[in-house]
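Trainee: Take the two lone chains, each set in its own frame, and fit them into one complex as the hints suggest.
Heads up: the sequence lines are chains A and B, in that order.
My numbering numbers the first residue of the first sequence as 1 and each following residue consecutively.
My numbering numbers the first residue of the second sequence as 273 and each following residue consecutively.
I should point out that these hints are in silico values taken from the structure, not numbers from a laboratory.
Beta carbons: idealized from backbone N, C-alpha and C, even for Gly.
Careful: at least some of the hints might be erroneous.
Said to hold, decoys possible - Calculated pairs, EDC-like style, for lysine to aspartate or glutamate (alpha carbon to alpha carbon, straight line, at most 16 Å):
hint : chain 1 : residue 1 : chain 2 : residue 2
1    : B       : K306      : A       : D154
2    : B       : K418      : A       : D213
3    : B       : K306      : A       : E202
4    : A       : K163      : A       : E202
5    : A       : K163      : B       : E537
6    : B       : K967      : A       : D114
To be verified - Restraint ranges, calculated between C-beta atoms of paired labels, are given here:
hint : chain 1 : residue 1 : chain 2 : residue 2 : range
7    : B       : E864      : A       : E205      : 55 to 65 Å
8    : B       : D942      : A       : V201      : 39 to 49 Å
9    : B       : E402      : A       : G219      : 26 to 36 Å
10   : A       : V201      : B       : D434      : 29 to 39 Å
11   : A       : N200      : B       : G334      : 42 to 52 Å
12   : B       : P681      : A       : M124      : 30 to 40 Å
13   : A       : G198      : B       : E963      : 34 to 44 Å
14   : A       : E217      : B       : G442      : 28 to 38 Å
The residues making up each chain are set out below.
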Amino acid sequence: MKDMVEGYTTPDGRQIGGVLMELKNITLRFGGVVAIKDISFDIREGEIRAIIGPNGAGKSSMLNVISGFYVPTEGEVWFHGQKRPAMRPYQVARLGIARTFQNIALFDGMSVLDNIMTGRLTLMKSGLLSQAMWWGSAAAEENEHREKVEKIIDFLEIQNIRKTPVGRLPYGLKKRVELARALAAEPKILLLDEPMAGMNVEEKEDMCRFILDVNDEFGTTTVLIEHDMGVVMDLSDRVVVMDYGRKIGDGPPDEVRNNQDVIDAYLGVAHD
Amino acid sequence: MADHGAAEQSAQSIPALLARNVERFGSRPAYREKEFGIWQSWTWAEAADEIRAMAMGFLSLGVERGDHIAIIGRNRPAHYWAMVAAQMCGAVPVPLYQDAVAEEMAYVLEHCGARFVVCGDQEQVDKVVEVEDRIHHIQHVMYTDKRGMRKYDHSRMNALDDIIAEGKAGHFRYEGEIEKRVAELNYDSTCVMLYTSGTTGKPKGVVLSNRNIIETAKNSAAFDHLGPDEDVLAYLPMAWVGDFIFSIGQAMVAGFCVNCPESPETMMTDLREIGPTYFFAPPRIFETMLTNVMIRMEDAGDLKHGLFKHFMEYAKGTGEEFGMPRYRVKRSKPTLRRRFRWAYRFSMGIGFAFETMVENAVRLAIVRLRHPMEHRKYFKAKGPLLNIYPQPLRDYFNYRTGDVTIYAPLKNTLGLSRIRVAYTAGEAIGPEIFEFYRSLGINLKQLYGQTEASVFITQQPDGQVRADTVGVPSPGVEVKIAENGEVFYRSPGTFVEYYNNPESTASTKDAEGWVATGDAGFFEEGTGHLRIIDRAKDVGKMADGRLFAPKYVENKLKFYPNILEAVVFGADRDRCTAFINIDLTAVGNWAERNNIAYASYQELAGHPRVYEMIREHINEVNASVAQDPMLSGCQIHRFLVLHKELDADDGEMTRTRKVRRNVIAEKFADLIGALYDGSTSIYTETEVTYEDGRKGAIKATLRIEDATVAPEAHAHREAAE
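Only chain B is shown next, with the shape it has when bound in the complex (with noise of 0.2 Å):
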């Protein structure tokens, strides 16, 4: 351990841990990538090379020290090694999104001023070249893909193979260049610069730092004990911060393998085909397989959907107590003492399943000799006959049970079996969709993190999860309330600067290194466990200075798996009102099944039905906002549901789909009129981008309706005193 020991010392940057781990893991699976419906992988060895071919391609370019190479592509071995290439080269990587549209990678080209930029196929090449005339600093472009691109000019473009390939011909050349670039890294130098998606305004370039990167990555691989064991799905844009902590910093520390899928279409598939035992996944990706699961168990026979709904129910209590993975240290071989456990264990089973047999048996004869006819409407099983084994062991049992019949099954066909440790961050998970993967026995976490802080400001802990709070301070971070319930952070993962914006920089992080996130939270008594309300910016005053916190309602609102977009308004006005979005796979099978015919999404959301159906939602939000005696303001008073999707193509939310809210109060401006001034129904235009960039327009009329307020309960108190 002590070599090691020494070795952790001095790996101060990606490559110097690429190079530990080569001599750690040399031979162990490093990356997979399915392609030709085949998973190919790469060991420790085999990257390392592929990455040194490369960054000395990079040095064939020219690349020097301090440049920026922009990577502009889907999760691929190839992108992520130019990422740690470039590192090599003493440049920065900055990863962008994928899905951008020409304009806004036009902004982040420039603002970066990257001279190099490697495209993962024809499409990101296309984007590149159509903006080309607007930035200035690009000398090179390199994609992955050679599909499409023959007919390009090659003056200054080549396919990345050539480029490694050309690295491997200059071998002796840039040998000693490399050595010596790779020896000048250390903990102070850029390890990667990401744009923040931008809520408000340009997007700023966050500057992070190898210390940033490592440290965190440490800390946390040490809180999930992750190591070499592990698989991860790499399936998240590259240019959001946690694909890069978990798919570069974690991978490099702990040394696990990271599996690309085949394309972002077939990630289910290959999540299957992995079945990663570390997941990260935004809510969203839960509630969409958690949908899924529920259409198609709505579609199943009538055995299959009696024993799902019987042991999911069984579920919600006991998973938490007998599901879950446990984190054990490896040992070579069983003890005796264990293969004593092992068979109590087998035999107790064998017991239960005898018991309960019998137990079913002879309640069947008692119901027989009751209800000689229709003994089949009285036969329930309903607490135990005989009780041979005591309450704490027949409930493993019976979870057991389940696992077997349901739970595996099913984990198995969302490609979740092995998972040891998942997160969800990013948004509020809705608590059902939660409690459901938990009860599963899925070690779904949540976490609260910034791209500013490399992702982990808090983390839950094994056995302290809830669905309502992020839980407690990672380790190393320091988290402080402010007076206005701003919650400020300090941590060696906090960035450096934002690159070229020292006015953003120091209205962010102070002189002592707090970074405020603009997130409003409170601290639970008790637990120490955080929890974040809204945006602080978002929390507002209503008219009659009651507390107006949008996003608390929208989370409510967006549990129903109906809803899949809302946007309260009501800061400085006397009620609140709501835009909803309904989510198209949920509403239309539940038009397929109750005979609504609907020719597009606009007929659909104007359906009286779908009205009907979301003015109960809002009804029920209502009531349970109504309990709480802070927000019982923001009851929702007037309702419209939109005409279309809320899209990122449009401006009105980010790529990482959080709402815009001043694009949307600006863009739907009559819409929101019409919400306070009384009408019911509206007339209106909206300009939509397709994905190509072409615009067009909507027109829709759309009903208003009203829902129901319920009492609030604090307000009569307020009265009375």
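Just chain A, same shape as in the assembly (with noise of 0.2 Å):
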């Protein structure tokens, strides 16, 4: 338990705090398939995680465990210095933890600001009947979150399409407003699945900016997968490498660049 208390300094001089989620020996199957061997690592407050690994590595997968959508068949996820019993996904939302897609799971027909008024879901504590009759305290309450939500809007500079369909947005911009959304949620661990994929250097560069400004500015945990290595190296702290379901690195970006199996499973070499 000591690991809790104790931090470390990033080279560009952030406090990073102990221990906000551990996984331990977590494995994930589905059927025959085995798609998380046994893997341990940690998550420290404040910090920006990476996971990468090839195509089919299992970094989803793990997101999912992460995240509560999948339980996993063996291993306990620690949240907070508790055991996280199997929860559903809305549980694991109201513990803290929000996330974006790969693949764009906005509501199209609904504006940007209320896809991302629907991130602050969990925050509200008025009833369906008072919320649908506009009645009692529902009316002050969405005030104060509109307030928040203007607040994200204007950190991620979507001033523009506030009252735009998100079906009318191009991809870059849709990805911006699903982070809008994860953070509308006040979350303690943000997940992005894949951020920056399918984007253009301009776009990627925004995208940086942005989980660079959210993690500074709002302290938020995070924790992302991606592809590109570059930003990966750039971005992240400590990065958690993953091939065919087992973890082959853990530790900083420079370390992880250095260590052989990590080169091995990116530049292929023959499995035994």
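Mentor: Set out below in structure tokens:
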């Protein structure tokens, strides 16, 4: 338990706190297929943690385990120093874990503003009826939430599309709206599934800046999956490398970059 | 009024005007800014408190009299306040173009010797930090937007909010000093220093005194009856003299409210929400708006499209007469006489609607009798059947009907509903575009001005507005035309000097105060309106001695929505040729409608059908140029469509989007060569600069095509003589 309190300092001078989430010996099987094989690592408060690996390495499955969508076949997830029982996704969301998706999952017909407001669903206290009637505390509460949402809109520089239906937006902006929605939930852990997939260089740079700014401004712990190695190495504080469901490396980017197993996995070596 | 008059006399600086406004309009809104989705507003009293605190904060940093404070950022109240606060400290505000690359910024910062810089956000701070080793005077950098700034070295950097807090905290210490410095300001102290965009060579710092700004603002505000009820949208670059005059000069003098958009991208939405009454925009903005309207009308349903076409056609002649907003002195209560007038008009209106219905019913009945099967085809309203109302009244009601169905909703969509006075300047505006807005009942006028004149040289009075002139001399301005056609002016707004550049000052402004504009023009006989042909130095001779005025032809070309930019060559040559830049929005939309697939700007620009379309435009221009006896030599013989957009980042245009001829002539020398040597295509590589300053290259093979040259009307006459 002494890991819980110790932190470390990143090269750029940020103070990283104690362990926020710990994954112990996670194994995930779908019938006979083993997606994740006995993986352990931890996520510390305030850090940007990347999970990388070639296609089919089990990265997204890992993210789904963290988000509580998959319940690991074996192993334990410890969150805030407590063992997390098997939960439904909405319960996990209430614990403060928000995510974005690899293939965008927004409400196309709704405006950007409304989409982001849905992110605050778990934080809303007034009931369905009073919200529908716009009665009692619901109105005041919505103003409060709207204010928070507007701060996020300002932060992500999407003021000009506030009222635009999401379906009409280009891909890069949709990704940004998705990030905004995840942020609106005021998460303790933010999970980003390939936030930069399919973007051009400029959009990628913007996204990088936003991820760093989010981490800097709100101190949000971020876990991200990404294919673009340059991005991962620049952004993250620590990297987990996966290959065929196993963990083959874990540590700061520089250390991981020189790890022989990682090089083999990426450059391709005949497996036994 | 007597005490107002006295205050008027004593207000010889912007801070003094601010104090006057607090007294006079204290609780009226002075500034609004949309932030977090809501329009936040500050009254004159609140704004004055903020400005004062900021000024005291500046003092705490050690701002001295005569210091320069550079301001780089988008239009935000805080930045306007910083300019006024700088003056309160006896310092000189120097607003810079925020889209300038670091290199350009370094030159200006070094040249003015700014010790303090106010940056809008991280991006601007980065640029200043990047060039910090080359500029020697900077002591302290302030920034408005705190985002992303945490990790910077704050030993010489602060948030502007902290400076204001500092000023508020040190309130007792600095109060006396501020009072003293404000009292020292008079008509001759420097109000602002603005850098010219530099069409040729390095930018020059134009020093404008309080007299220049305040006198000009007073005269122009009186010219257009601007009062405290106006609303303006401040969205033009703060470094541009126009924005300073409108958002500080006139706003302070007339006491109206300055509204700042949320971000540059939301400008159109914010325009709609605010609905300014006084508006300035370069022709480009009006062109873009019109293009968007036309594109959306193409997609509209038949009924809307038909109504739009019918009423826009109708408005062309009548808008001038019936649509224009009239300036009225405000009256508190409607008199009995006016109530009667309203009642009369209302009943006439109902009568007209009734008459129209009856008229159409009768006509339809007649047509149905004659053509029972296909009466629709023959049902066309042409001229009145029953002449109950006299023609002028019919026109009036027709226009009002159009107003209800088309003009008013359209103006509302554009955010121009409340416009009382709108100006455009900087470039020539297309006559169709101009007419479109005028016929909608938007009082769009033209003015002609310069940084050195504190904007106003000539402007169009209400009721004397035309597309091809720039109006009569503004109040207080004298204009004369030199022998070579160059326009000179002298006014209370004439600049003091170019900063640290006595040679340029001497060559521009003579001992009597006449300033050369560098533009060639003439006064139209009869009306006394000034017409500008071109830059005086660009007006040249062709090889055979005929007059060559490239801008004249380029403007004609640019009036086509498909052509974004054109550059015409021909000085000292035997014939003229042109580069064309297509407008991606317009041509892209056209391509979509005509099933033309394209992957990039370059591919679209080189498409044979685009060439075909551009050629038609050029032929039409040639035909019209041939009509002009003086300039008929300027017909375009050969042309090519450029593979990239001309861009300020590549130095091909100024930041105010004026073409830099020398740079283009040098950079595209190979293309110009090909235009004249008769080749039909040419391979070229062009260096481009991206927004972040990196460089790349575009390779392309461009086709060169011939245009049809119209016979010159006067050539025969010359031969005959």
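Trainee: Please check whether G198(A) and E963(B) have a Cβ separation lying inside 34 to 44 Å.
Mentor: Hint violated: Cβ distance 22 Å, outside 34 to 44 Å.
Trainee: Indicate whether the distance between the beta carbons of V201(A) and D434(B) respects the range 29 to 39 Å.
Mentor: With a Cβ separation near 35 Å, V201(A) and D434(B) satisfy 29 to 39 Å, so the hint holds.
Trainee: So if I understand the rule, the pair passes when the alpha-carbon distance is 16 Å or less; does K163(A) with E202(A) pass?
Mentor: 24 Å, violated
Trainee: Has the given pair, K306(B) with D154(A), been kept, meaning a C-alpha gap of at most 16 Å?
Mentor: Holds: K306(B) and D154(A) sit about 11 Å apart, inside 16 Å.
Trainee: A range of 42 to 52 Å was offered for this pair. Does it hold for the Cβ distance of N200(A) and G334(B)?
Mentor: 46 Å, holds
Trainee: Take the C-beta atom of E864(B) and the C-beta atom of E205(A), compute their distance, and say whether it sits inside 55 to 65 Å.
Mentor: 30 Å, violated
Trainee: Is it true that the CA of K163(A) sits at most 16 Å from the CA of E537(B)?
Mentor: It holds: about 13 Å lies between the C-alpha atoms, which stays within 16 Å.
Trainee: Within 28 to 38 Å or not, the Cβ separation of E217(A) and G442(B)?
Mentor: 29 Å, holds
Trainee: Look at the Cβ atoms of E402(B) and G219(A) and judge whether their distance stays inside 26 to 36 Å.
Mentor: 28 Å, holds
Trainee: Take a quick look at whether K306(B) and E202(A) sit within 16 Å of each other, Cα to Cα.
Mentor: Violated, because 27 Å separates the two Cα atoms, which is more than 16 Å.
Trainee: Take a look at whether the Cβ-Cβ distance between D942(B) and V201(A) falls inside 39 to 49 Å.
Mentor: 30 Å, violated
Trainee: Within 16 Å, alpha carbon to alpha carbon, are K967(B) and D114(A)?
Mentor: Not OK: K967(B) and D114(A) at ~40 Å, beyond 16 Å, violated.
Taken one by one, the earlier hints fail for this structure at numbers 3, 4, 6, 7, 8 and 13, listed in ascending order.
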